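J.: Chain by chain, the residues run as shown.
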Amino acid sequence: MASIEPMKQFLVHEVVHIDPIVVPGLGAINMSITNSVLAMMIGALIIVALLGSAARGQLVPGRMQAFGEALYNLIDGTLVGPMIGDKGRPYIPFIFSIFMMVLVLNMMGLVFAIGNLGGQEWTFTATAQLAVTATLALITFLSVVVIGFVKNGFKFFKLFAPGGVPWPMLIFLVPIEIISFMVRPLTLSMRLFGNMIGGHVVMNIFATFVVMLAVLGMSGGIATLGWLGAGVSFFMVVALTALEFIVAFLQAFVFAALACVYLNDVVNLDSHGH
Amino acid sequence: MDLHSARMIGAGLATMGLIGAGVGLGVLFSGYLQGALRNPSAAPGAQPMLFLGLALTEALGIFALVMAFIILFV
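Residue numbers (the working numbering), protein chains in the order written: chain A, 31 to 304; chain B, -3 to 70.
In isolation and in its complexed conformation, chain B is listed as follows (with noise of 0.2 Å):
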């Protein structure tokens, strides 16, 4: 196998870090529409803290994006 193909399969390889971000993103929001319609008085409240983490989550998802970057194009 030579250097191109692998750092081919490296980069896909990388990209799987998004299925736990995947995840994470579908727990948070089916968390807080849960919430949110129970109570949805308390929706907006909410709101800052969710987008907060949003970030935090996609943010794992992110990094596993940007190492595949690295692998493909450093």
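Next up, chain A with everything else stripped away, as it sits in the complex (with noise of 0.2 Å):
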């Protein structure tokens, strides 16, 4: 009998051995290559070879560039451009990066999903683990807090003070921003973290019922309504994986929204209310 083991998935492995490395002030670091370090790296590779196929700048583009600039379209045309304005186009490179990382890792969960050969496991979805998705937020909250104070000096923290707002009203609505301010790190890695991890688990659930349902089914008499049920889950997974590709574009998408959303709120501080 086949047991719901949902979380067996997401267990980080060493493949490659590489001895500790001690650093002064922090002890012992494992520098082994793991499951996730490996996805990570594939997916690397997957965007360097896709761009470098992609850039070629002819005037009337082949296959490849013109999926590049689709993909560049989105950033540049549909986040960066409506939501930061012409202020923003140096920041369309950090969004682009952020973008591709996200959603190619998040792919890589679902296409290569060949499941357990010999005992290993060859489907990782490195943004289902929260080290990476709370690395990638650090990165932008760091670098919308750096940007902000390069570009406004201690302007900056009028970002905390809305203007046009009684002065009485400023003592409650000064912790309450201070505060949403700070656990955007939070919102935004728990997001992608909580959408990835709780889709895989789900359609591992599923997946689990099938086999517990068709071994039921085999039983004879009343229990051979199991195949019922194993075809029903069976359709649930095809739909729950259709569903795990749109997810896995939109949250991709929305962490690239929400990183303008932040950017804009620094870059154009002067404009907009505040």
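Since the hints were derived computationally from the structure, they do not count as laboratory data. Predicted, not measured: the structure shown is a model, and the values here were computed from it. Beta carbons are placed, not taken as given, at the ideal position from N, Cα and C, and that holds for glycine. Mixed in with the good hints there might be a few duds.
Short derived list, chain A residues pointing at chain B, Cβ under 7 Å [claimed, not checked]: (1) H43; (2) V180; (3) K185; (4) T217; (5) N225.
Take each chain as given, in its own frame, and dock them per the hints.
T.: Next comes the structure, spelled out in structure tokens:
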């Protein structure tokens, strides 16, 4: 009988062992290449290969160049342009990198779903690791803070005191604004992590139902109805896989969109209401 | 009540946060559809904001789900 082990797919284990390096002040750090690191390396290679073949610069774009231009237009035309404006142009490479990394890592968890071969899990979603999403979110958050200070100096703190508010309200408003600013990396990382882990757990549970109910159905008698449940679960798995592809793209898009919103706050600090 | 059953009940209760996320998503999309059907030409411009609102609303539900997972597996 198959048992439900939905969290097993997120286990990190060593693929190539490298001896720990002792860093003064931090202690021993495990430098081994884990399946998480491997997934990110493959993801980075895919991005380089994809965009390398897309960067052609011909007047009439070929197939790959059209694909690359469509991706670029998605970031420039629907996110950075309308949300930040012309001042946002310098940050397109950053937003684009974040978007591509999240998108490819999300997709890799679904596309390379070869399953369990030779006792080794061959599918891994790096964005379902809180460490990975928290790192991406912290990079975004710290960039926003640094860019905010570089562009505005100490006027950066106007972010926490919205303009046009009577001053007694500021006593309540400023702490709220500060808290909502500080939880941004938390919500940013939790959203991606939760979506990925939730989707994969639900897919895994329904996939296990298929096997469990089919085994039950083989026992005969009234339990033959188990085949019906197995069929329903199977179609659920198919439908959920389709849904997860949408979610994988949407979460990458949303991560990039929120990075744009946060950048917009500090880049256009003077020009909108604050 | 032993720890295991308490965990199961707690995780089940933690998923109740998803009620709010469901209501929120319903309000969000009903608002978008009403606006989009009354003025279809303005609909594409509202789409990035729709997805943004979807993400912000959904995140709250996801937090409840993460809490359930933490109770169950950590």
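J.: Could you work out which earlier hints the structure fails to respect and list their numbers in ascending sequence?
T.: 1, 2, 3
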